[in-house]
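Numbering of the sequence shown is given in this note's numbering, commencing with residue 469 and proceeding in unit increments.
Simulated from the structure, these hints should not be mistaken for laboratory data.
Among the clues, some could well be false.
When the alpha-carbon atoms are kept at most 16 Å apart in a straight line, the in silico EDC-like pairs for lysine to aspartate or glutamate are as follows [as the list claims (entries may be wrong)]:
(1) K551 <-> E598
(2) K551 <-> E574
(3) K551 <-> E576
(4) K551 <-> E530
(5) K551 <-> D529
Each pair of labels, with its calculated beta carbon distance range [stated by the list, open to error]:
(6) P602 <-> A513: 31 to 41 Å
(7) L578 <-> E616: 34 to 44 Å
(8) E530 <-> E636: 38 to 48 Å
(9) R625 <-> D666: 31 to 41 Å
By construction, the Cβ of each residue, glycine as well, lies at the ideal position given by its N, Cα and C atoms.
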Amino acid sequence: MLADIEVVHVLAAGLLAYTSYAAVVATVTGVRMRRLTRDSGPDTAYVALCASHGWTYASRDEGLPARFQMMPTRMDSAVPEPKAVNVVTGTYAGLAFLSYEHRSFERERLVQGLYRYRTESLHLVGFDLEHLHPWLHLQPRRRSDSFERAYAVETTRTSFSRAVLHDEMRDHLLRSRARYQFDGTWLVMVVDGPARPDDLEPRLADLTAFLDLVPDHLLNRY
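Input sequences plus hints: build the corresponding full structure.
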């Protein structure tokens, strides 16, 4: 009888310890989740940049993460939805543009009930060309002097991709190593890493250089 009582006490102590551990893990996980989703507010450097160029700035936009194809989405219900932060809109080289940082989240299991959360950032810059174009996605794969090995090409119209990917364009892409896509009316460039204010104008210039290499008849044909 005494032994049975001791076993019950041990089981109760174990259950209490596990419950306490689970509560601590849940609390820590909740804190980390709130940190991931917390809005840090306006970035003063972006505010100053936009004020000097007549552009519009928003600290975040709930609708943007799902606007373009091939952007990271939520694969695990236990992590937050992707978010778009440091959103800039305006005009550059006579074209309406959009820029934002796309943040997506992953979690990695460390031990039972304990996870590490990671944030992946991508900088998206796009021009609204005001005309629909065939889908074309140019994804860098590896460093190579050969375009076929360096980039993966997906398109809904091969005649369009062949016309875009002439020799000079291929040379430009091998130097750029960014990801490009024609997506609806938009021409989009995606670069790994956060969207820093100092990077915006150089990346708009890079996207302009890409656009200048697209044959004129393709931009107004579709």
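Hint check results:
1. K551 <-> E598: Not satisfied, since the Cα-Cα distance of roughly 25 Å exceeds 16 Å.
2. K551 <-> E574: Distance ~13 Å between K551 and E574 Cα, so the pair holds.
3. K551 <-> E576: Status violated; Cα separation ~20 Å.
4. K551 <-> E530: OK: K551 and E530 at ~7 Å, within 16 Å.
5. K551 <-> D529: holds (7 Å)
6. P602 <-> A513: 31 to 41 Å: holds (37 Å)
7. L578 <-> E616: 34 to 44 Å: With Cβ atoms ~40 Å apart, the hint holds.
8. E530 <-> E636: 38 to 48 Å: holds (40 Å)
9. R625 <-> D666: 31 to 41 Å: Distance hint for R625, D666 holds at roughly 37 Å.
The structure fails to meet hints 1, 3 from the earlier list, while all remaining hints are met.
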